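Protein sequences, first through last, are from chains F and E.
Under the numbering used here, read the first sequence as residues 1400 to 1644, first letter to last.
Under the numbering used here, read the second sequence as residues 8 to 332, first letter to last.
Warning: the hint list may mix true and false statements.
[To be verified] Derived coverage of chain F by chain E (criterion: at least 3 residues anywhere in the stretch with Cβ under 8 Å from a Cβ of chain E; other residues may be distant):
hint, region
1, 1411-1418
2, 1483-1490
[What the hints assert, rightly or not] No more than 30 Å apart at the CA atoms, straight line, and that leaves these computed lysine-lysine pairs for BS3-like:
hint, chain 1, residue 1, chain 2, residue 2
3, E, Lys32, E, Lys246
4, E, Lys142, F, Lys1642
5, E, Lys175, F, Lys1478
6, E, Lys175, E, Lys142
Just so you know, the hints here were simulated from the structure itself, not pulled from any lab data.
Values in this document were obtained by computation on a predicted structure and should not be read as measured data.
All C-beta atoms, glycine included, are put in the ideal place defined by N, C-alpha and C.
Below are the chains, spelled out letter by letter.
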Amino acid sequence: MIQNISIICRREFAGYFATPLAYVFIVIFLVLAGVLTFFVGDFFERGQADLQVFFTFHPWLYLMLIPAVSMRLWAEERKSGTIELFLTLPIRLSEAVLGKFLAAWLFVGIALALTFPLWLTVLFLGDPDNGVIAASYIGSWLMAGAILAIGAAVSAATKNQIIAFIVTAALVFVLIAAGTPTVIGLFEGWAAEGVIHAVAGASLFGHFTAITRGVLDLRDLLYFLSLIVAFLGANAVLVDLMKAD
Amino acid sequence: MLDIRNLHKNFGPLVAVDDVSFTVKQGEVLGFLGPNGAGKSTTMKMATGFLAPTAGTAIICGHDILTQPLAAKRQFGYLPEGAPAYPDMVVADFLHFIAHIRGYRGVEARERTNHIVDLVHLGEVYDQRIETLSKGFRRRVGVAQALIHDPPVVILDEPTDGLDPNQKHEMRHIIAAMRPKKAIVISTHLLEEVEAVCTRAVIIAKGRLLADSTPVQLAARSRYHNAVRLRIASGSLTKIRADLDRIDDVDLVEAVTDSEDPGTLLVVAREGRPIADEIADMARARRWRLTSMTVERGRLDDVFRAITAPEDAARAPWDFSKLSH
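The shape of chain F in the complex, shown without the other chains (with noise of 0.2 Å):
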């Protein structure tokens, strides 16, 4: 079991680096980080050694980078074929669904990882709370985990990867907008207090925004894994029906 999944996602995880899209993926995920960081959060101007603006923009970073990663997952293979070939090898259906997820997930964490300079210079500039910036590292890996299991799942239900991008950024657009005190001023007043909190519950945006607060409480920890989990589930089912088509 974990041998096929470890064989599966190095596969996987080394196609990401045989064509420019990791690189690309990389560049792009840290450029628009320090730029959102820096420009838009007025990082210096705010005078204050963390990295609060920093992890603040980073569901809408996701919103437009984790799908690019996902889209490809199973749209590809049902796209060239090589689906056939894949799962009439002797492996599980869960393996496969796995050892593919945690290669974009690794992927992700990596380039995630290489924000490390920002650590860094808040490290030199002043004395941050190392604690709140760990929790919230794990929080955004945790968030990127859920979108890209959200993103396999649709993209193991089409052969088209612009469409697997674009109903996934939608999707996840919704998950991460549902808790944004916009959306929350909108059912205030008329709706009963216990909708607010659903749905402020079921958006990506409300835990995400509890972990970077430096509490890595055990709720928000299961929702990002549920989600991961439900969507895993979903894509092995998806794939089950549509592999075929």
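Chain E: place on chain F using the hints.
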């Protein structure tokens, strides 16, 4: 070793495969024949566990593909239609990946890869990306991944499609060489291939299995089975034709119009009965001057057409003279 049991597949109202059963034993090469869209690939997809059958199953070396998919999948090597492979991967990495999935590690994985690379002659493209390869090499990469674990059952969907005549010859050589130890199924619509490598032929059309026999027996169903082709050096053709018509077992005598030599006759036997002896006797007795006399085994393509498209086969071939205005 491969036992296909009553496979059915419906796509909505369309019946793609309708009760197909056959078995393949060790030492057999089964040619799976049929026109495009007959259900060949669908049957293979079900036999390899890629597509769930509507009914029926496949047993591979005793393992049911539906209830023991992993055990069954370890027993076969499969070349899917179109020989798909990851285009971004280097041949070496791709074959290593397959070897690892097949359970080989370290030195053993390398040995397996090297062995298969030698067997199907991939040495010169070993370090190339698959997308840069010619169609022939890609097909060979597909065959290599199917054979890397030396499986007892080999299922190849159109292994020679897109290969040039030399490559086809080589591929058939590979198939023939591994035949004694394996049960092999190849799908094809090339009849020459069946005659060249198959010990058995199964014909399907519109999802139905219509024939299961040896290529020789199939050819014997042709109306040209035991027909005699005579090339006449000199003498009156009409007289000879009249004489031939008098032999009991001769059905009809055709002048072969497509031959460059106008003096060629094709004597078709009634119900494929042997007529060569009698014709030889007659030729000697009447002192015909022949340049050659050959007995036809029968034409597989006639049989194929008669079985898969009876209404077409009865119709006359295209009359191209009408096009020349």
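Status of each hint after checking the structure:
With 4 residues carrying a beta carbon less than 8 Å from a beta carbon of chain E, the region 1411-1418 of chain F meets the three-residue requirement, and the given coverage holds. Evaluation of the coverage hint for the region 1483-1490 of chain F: fulfilled, as 7 residues show C-beta separations to chain E shorter than 8 Å, against a requirement of three. The straight-line distance between the Cα atoms of lysine 32 of chain E and lysine 246 of chain E is roughly 52 Å, outside the 30 Å bound, and the hint therefore fails. Of the supplied pair hints, the one linking lysine 142 of chain E and lysine 1642 of chain F holds, its CA atoms being roughly 25 Å apart against a limit of 30 Å.
For the proposed pair lysine 175 of chain E and lysine 1478 of chain F, the alpha carbon gap of about 27 Å is at most 30 Å, so the pair holds. Taking the CA atoms of lysine 175 of chain E and lysine 142 of chain E, the gap is near 12 Å; set against the 30 Å cutoff, the hint holds.
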